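Student: If you read the sequences in order, they're chains X and G.
Count the first sequence with the working numbering and you get residues 174 to 650, in order.
Count the second sequence with the working numbering and you get residues 174 to 650, in order.
One or more of the hints may lead you astray.
Where chains are identical, the list cannot tell them apart; a pair therefore holds if satisfied intra-copy or between any two copies.
Unchecked claim - Calculated lysine-lysine pairs in the BS3-like style (CA-CA distance at most 25 Å, straight line):
no., residue 1, residue 2
1, Lys551, Lys612
2, Lys505, Lys631
3, Lys295, Lys190
4, Lys178, Lys524
5, Lys246, Lys587
6, Lys524, Lys544
7, Lys476, Lys631
8, Lys246, Lys631
9, Lys551, Lys610
10, Lys246, Lys273
11, Lys477, Lys228
12, Lys232, Lys505
13, Lys202, Lys273
14, Lys505, Lys228
In short, the hints are calculated from the structure, not lab data.
In this text the structure is predicted, and so the values were computed from the model without any measurement.
There are 2 protein chains.
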Amino acid sequence: MDIPKENFSEWYNEIIKEAHLCDLRYNLKGFVVIPPNAAQVMKTMYRIYEEALEKKGHKPAYFPALIPERNLKAESEHVAGFVPEVFWVTEAGLNKLEEKLAMRPTSETAMYPMYALWINGKSDLPMKIYQSCQVWRHETKATKPFIRTREFYWIEAHDVFATEEEALMQVKEDMETTEEILHQRFGIPFIFFKRPQWDKFAGAVDTYAADTLMPDGKTLQLPSTHMLGQNFSKVFNVKYMDEDGAQKFCWQTCYGPAISRIYASLFSTHGDNKGLVYPFELAPVQVIIIPIMKKDTEAEVRKKVEELKAKLSHLRTEADFSNNTPGFKFNKWELLGVPLRIEIGMRDIQKGACVVARRDTGEKKEVKLEKLEEEIRKEGASLSENLCKKADSWFSGLMHEADSDAELGKAIEKGGFVRIPFCSDQKEGEVCADRLKEKHAVNIRGSRYGDKEKPKGKKCVACGKPASIFLYAARQY
Amino acid sequence: MDIPKENFSEWYNEIIKEAHLCDLRYNLKGFVVIPPNAAQVMKTMYRIYEEALEKKGHKPAYFPALIPERNLKAESEHVAGFVPEVFWVTEAGLNKLEEKLAMRPTSETAMYPMYALWINGKSDLPMKIYQSCQVWRHETKATKPFIRTREFYWIEAHDVFATEEEALMQVKEDMETTEEILHQRFGIPFIFFKRPQWDKFAGAVDTYAADTLMPDGKTLQLPSTHMLGQNFSKVFNVKYMDEDGAQKFCWQTCYGPAISRIYASLFSTHGDNKGLVYPFELAPVQVIIIPIMKKDTEAEVRKKVEELKAKLSHLRTEADFSNNTPGFKFNKWELLGVPLRIEIGMRDIQKGACVVARRDTGEKKEVKLEKLEEEIRKEGASLSENLCKKADSWFSGLMHEADSDAELGKAIEKGGFVRIPFCSDQKEGEVCADRLKEKHAVNIRGSRYGDKEKPKGKKCVACGKPASIFLYAARQY
Numbered sequence: 174m175d176i177p178k179e180n181f182s183e184w185y186n187e188i189i190k191e192a193h194l195c196d197l198r199y200n201l202k203g204f205v206v207i208p209p210n211a212a213q214v215m216k217t218m219y220r221i222y223e224e225a226l227e228k229k230g231h232k233p234a235y236f237p238a239l240i241p242e243r244n245l246k247a248e249s250e251h252v253a254g255f256v257p258e259v260f261w262v263t264e265a266g267l268n269k270l271e272e273k274l275a276m277r278p279t280s281e282t283a284m285y286p287m288y289a290l291w292i293n294g295k296s297d298l299p300m301k302i303y304q305s306c307q308v309w310r311h312e313t314k315a316t317k318p319f320i321r322t323r324e325f326y327w328i329e330a331h332d333v334f335a336t337e338e339e340a341l342m343q344v345k346e347d348m349e350t351t352e353e354i355l356h357q358r359f360g361i362p363f364i365f366f367k368r369p370q371w372d373k374f375a376g377a378v379d380t381y382a383a384d385t386l387m388p389d390g391k392t393l394q395l396p397s398t399h400m401l402g403q404n405f406s407k408v409f410n411v412k413y414m415d416e417d418g419a420q421k422f423c424w425q426t427c428y429g430p431a432i433s434r435i436y437a438s439l440f441s442t443h444g445d446n447k448g449l450v451y452p453f454e455l456a457p458v459q460v461i462i463i464p465i466m467k468k469d470t471e472a473e474v475r476k477k478v479e480e481l482k483a484k485l486s487h488l489r490t491e492a493d494f495s496n497n498t499p500g501f502k503f504n505k506w507e508l509l510g511v512p513l514r515i516e517i518g519m520r521d522i523q524k525g526a527c528v529v530a531r532r533d534t535g536e537k538k539e540v541k542l543e544k545l546e547e548e549i550r551k552e553g554a555s556l557s558e559n560l561c562k563k564a565d566s567w568f569s570g571l572m573h574e575a576d577s578d579a580e581l582g583k584a585i586e587k588g589g590f591v592r593i594p595f596c597s598d599q600k601e602g603e604v605c606a607d608r609l610k611e612k613h614a615v616n617i618r619g620s621r622y623g624d625k626e627k628p629k630g631k632k633c634v635a636c637g638k639p640a641s642i643f644l645y646a647a648r649q650y
Numbered sequence: 174m175d176i177p178k179e180n181f182s183e184w185y186n187e188i189i190k191e192a193h194l195c196d197l198r199y200n201l202k203g204f205v206v207i208p209p210n211a212a213q214v215m216k217t218m219y220r221i222y223e224e225a226l227e228k229k230g231h232k233p234a235y236f237p238a239l240i241p242e243r244n245l246k247a248e249s250e251h252v253a254g255f256v257p258e259v260f261w262v263t264e265a266g267l268n269k270l271e272e273k274l275a276m277r278p279t280s281e282t283a284m285y286p287m288y289a290l291w292i293n294g295k296s297d298l299p300m301k302i303y304q305s306c307q308v309w310r311h312e313t314k315a316t317k318p319f320i321r322t323r324e325f326y327w328i329e330a331h332d333v334f335a336t337e338e339e340a341l342m343q344v345k346e347d348m349e350t351t352e353e354i355l356h357q358r359f360g361i362p363f364i365f366f367k368r369p370q371w372d373k374f375a376g377a378v379d380t381y382a383a384d385t386l387m388p389d390g391k392t393l394q395l396p397s398t399h400m401l402g403q404n405f406s407k408v409f410n411v412k413y414m415d416e417d418g419a420q421k422f423c424w425q426t427c428y429g430p431a432i433s434r435i436y437a438s439l440f441s442t443h444g445d446n447k448g449l450v451y452p453f454e455l456a457p458v459q460v461i462i463i464p465i466m467k468k469d470t471e472a473e474v475r476k477k478v479e480e481l482k483a484k485l486s487h488l489r490t491e492a493d494f495s496n497n498t499p500g501f502k503f504n505k506w507e508l509l510g511v512p513l514r515i516e517i518g519m520r521d522i523q524k525g526a527c528v529v530a531r532r533d534t535g536e537k538k539e540v541k542l543e544k545l546e547e548e549i550r551k552e553g554a555s556l557s558e559n560l561c562k563k564a565d566s567w568f569s570g571l572m573h574e575a576d577s578d579a580e581l582g583k584a585i586e587k588g589g590f591v592r593i594p595f596c597s598d599q600k601e602g603e604v605c606a607d608r609l610k611e612k613h614a615v616n617i618r619g620s621r622y623g624d625k626e627k628p629k630g631k632k633c634v635a636c637g638k639p640a641s642i643f644l645y646a647a648r649q650y
């Protein structure tokens with residue numbers, strides 16, 4: 174890597190190219206190819222997410238990628254939100270279609286008409302279904318690989334309940350799932366915001382979104398979970414017969430972790446001036462063995478390396494026997510983010526030991542071969558933990574507060590989130606949000622979930638009226 | 174199930190409905206929804222396939238679902254084969270696109286332009302990449318859920334080599350992978366055919382396809398592997414610099430297991446008059462525990478059932494505590510194909526035992542609780558083996574031979590494959606194939622892979638000219 178991480182935007186582009194994470198040369202604007210180096214990690218992330226969802230009662234299903242226009246247009250807010258960016262199929266073979274078909278930008282309108290057919294009584298509820306798929310949105314904003322592309326990779330979970338309380342509990346469960354996976358396993362820090370009313374998911378009652386920060390201090394939205402209330406169930410007739418014999422509309426939620434975007438956040442958060450740094454669980458290669466060989470010791474060292482590789486075959490372990498120098502190999506595998514490197518030569522073998530180097534700290538230590546498996550396990554876990562801690566401590570340093578427009582202007586230059594007193598997170602607050610956006614290029618991300626404090630006696634930083642709520646401002650991707 | 178399996182076509186439709194494998198009520202012709210009961214199995218099949226491919230050196234990648242028209246039209250045979258059934262995107266948001274975009278019917282023309290950029294020297298080869306995805310083809314033939322739909326679920330592996338020999342070895346490896354997975358793990362019997370020249374994949378040099386039989390004796394094509402030669406590498410400029418400094422075109426293969434179709438074959442092969450029968454590894458629920466409870470023993474039985482469930486939590490084990498009768502529960506879980514059922518009541522508990530029933534044979538046996546895990550493992554393995562054996566023996570009874578048109582006409586009525594002497598599997602043989610199709614409604618599937626026997630002195634059953642090769646005829650889906 175020739176570019177330091179402080180120049181984040183250039184670093185981002187360079188690492189994508191150097192580590193071959195994404196190829197921008199596909200001849201269709203806004204569409205990219207994701208080669209194995211990134212796809213392997215994304216597949217592991219998918220697996221982890223799917224397991225976690227299934228453990229909490231979700232089941233997988235497959236719904237069509239094409240949605241007839243009339244479905245998409247059934248819910249009025251939803252259609253207004255999505256139709257401007259839909260890819261439309263209008264021909265098949267040599268014929269024009271009678272009805273235009275949307276490539277799914279999200280699947281509410283494909284799934285909920287089926288839910289209406291599947292749900293009869295209370296015993297069918299809760300119904301918790303997810304699908305892992307691609308979605309397509311003709312973004313008009315500038316695209317950026319993994320962060321904003323016209324095709325992206327996600328999971329969408331769509332859940333149905335008999336009561337409002339259960340639906341609200343599901344929103345909470347989705348937030349917990351996000352914490353367990355993104356933070357505890359991937360080491361990505363974030364805050365959950367309840368979005369202001371003017372910035373929620375099209376058709377939702379409320380949107381709760383996990384916002385992280387990128388190294389340049391700008392925020393990036395990660396998974397969001399939406400309380401849909403009965404908005405969609407009334408449109409698509411998703412009802413159940415209650416014990417009292419009455420037909421009642423169901424309560425719904427949906428949750429959408431975008432794997433490609435979480436991946437962007439993952440390597441941006443942990444990467445450094447040498448390249449990628451992956452948590453142990455996610456690395457495509459977890460352990461790389463570099464033989465230190467001379468001509469006369471080659472056979473013996475090779476044999477020992479193969480032995481170690483076999484010993485560590487429960488992990489994703491590789492050995493680099495290429496003709497390159499050890500220094501070249503160190504750089505290459507550091508760039509690719511391999512968490513642990515084993516170096517072993519004749520002298521080590523004679524001592525019954527090898528050297529284990531950590532990608533995150535660069536620390537090296539001698540390890541007795543009979544303790545190797547145990548040490549690798551320990552160092553791997555310690556590395557993941559260290560990445561998470563480092564990220565947390567960096568993240569918490571980017572939480573600011575401001576009580577006036579001037580203070581906001583100053584605080585926002587430091588990067589991160591600024592908590593400000595605000596007049597309202599309802600529709601009427603949008604004017605103030607627009608004014609701040611205009612003046613400071615910031616977005617209002619919403620109120621922090623769980624933040625019960627009231628801005629007593631404070632004034633909205635935008636309009637000066639008495640503040641009713643603390644909201645957070647940030648520059649965003 | 175009200176319909177016996179002998180009435181296969183009706184049985185197929187009924188089981189799909191009764192076991193909720195597929196919902197045909199999505200409002201778009203040729204597109205279906207795959208609910209959890211089937212999606213869970215398909216996901217397991219995907220995982221097994223992906224692991225096997227990765228073990229043999231394939232790596233995952235993600236390529237766009239949309240392919241610009243000019244890519245698709247670059248290879249002339251390929252375009253002729255696929256363009257008549259492409260779904261075209263012509264609009265995005267409110268605007269017309271400048272170039273039409275194809276929803277991928279298969280990904281050669283999306284992937285190979287990238288391969289041309291990725292491959293430089295011999296050290297980049299072999300390059301073996303797969304992706305798991307959906308593809309879309311506007312089939313004009315009648316659609317049938319899982320078997321022929323306008324959207325289907327597959328894996329496509331696209332491999333590149335320096336030499337023809339290596340590419341041919343890959344075709345062989347793909348056939349071995351098919352055998353290992355489809356036959357040995359899923360219990361599906363099939364034969365590999367080299368397709369006649371008039372029936373190969375559009376753009377391929379040769380196509381090798383695994384053909385199975387459905388219970389009605391008609392054949393269904395399962396995974397096929399294609400020797401592409403240099404046809405595509407010359408069009409897309411996929412070259413490498415050889416050690417002699419010369420630029421050489423690569424040799425390519427591709428392999429495409431359609432998971433949705435393999436699933437059709439799976440439940441059709443093993444299912445019976447009571448419903449689904451799954452191999453142990455693939456069942457969404459592997460063990461179902463049915464408590465036999467009376468009012469006064471309920472608490473104790475429930476406790477023991479929970480204990481057994483925890484003990485078997487390394488498997489997909491469920492317990493049915495619903496208010497239905499044991500008989501109702503037996504039928505329900507038999508319909509859903511659960512391989513092993515545990516029945517346990519107070520009397521069993523007192524004996525320190527339970528009853529284990531097998532889905533395939535219906536056999537019941539008493540098992541001591543301390544031996545339960547071991548017995549479940551053994552019975553599960555034995556059940557899968559038995560399904561495979563039963564299928565093999567049924568399949569081998571459907572291999573016929575015929576030396577004349579009259580014999581063919583008689584043999585084909587028995588269902589299955591008929592080996593016939595034939596004039597040629599090159600382009601000139603197509604007239605004879607068409608004649609047989611017209612007369613007997615059969616298709617020529619090709620020569621059996623590995624069959625070296627020559628039809629000495631025999632005559633083509635269609636034209637009467639001296640036969641050059643044995644080909645197989647069958648009625649097909």
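Student: Does each hint hold? Answer for all of them.
Tutor: Verification of the hints:
| no. | hint | result |
| --- | --- | --- |
| 1 | Lys551 with Lys612 | neither (50 Å within a copy, 71 Å between copies) |
| 2 | Lys505 with Lys631 | neither (54 Å within a copy, 63 Å between copies) |
| 3 | Lys295 with Lys190 | between (53 Å within a copy, 21 Å between copies) |
| 4 | Lys178 with Lys524 | neither (39 Å within a copy, 68 Å between copies) |
| 5 | Lys246 with Lys587 | neither (43 Å within a copy, 52 Å between copies) |
| 6 | Lys524 with Lys544 | within (13 Å within a copy, 47 Å between copies) |
| 7 | Lys476 with Lys631 | neither (72 Å within a copy, 58 Å between copies) |
| 8 | Lys246 with Lys631 | neither (43 Å within a copy, 65 Å between copies) |
| 9 | Lys551 with Lys610 | neither (47 Å within a copy, 66 Å between copies) |
| 10 | Lys246 with Lys273 | both (12 Å within a copy, 24 Å between copies) |
| 11 | Lys477 with Lys228 | between (41 Å within a copy, 23 Å between copies) |
| 12 | Lys232 with Lys505 | between (40 Å within a copy, 19 Å between copies) |
| 13 | Lys202 with Lys273 | both (22 Å within a copy, 13 Å between copies) |
| 14 | Lys505 with Lys228 | between (38 Å within a copy, 23 Å between copies) |
Of the numbered hints stated above, those contradicted by the structure are hints 1, 2, 4, 5, 7, 8 and 9, listed in ascending order.
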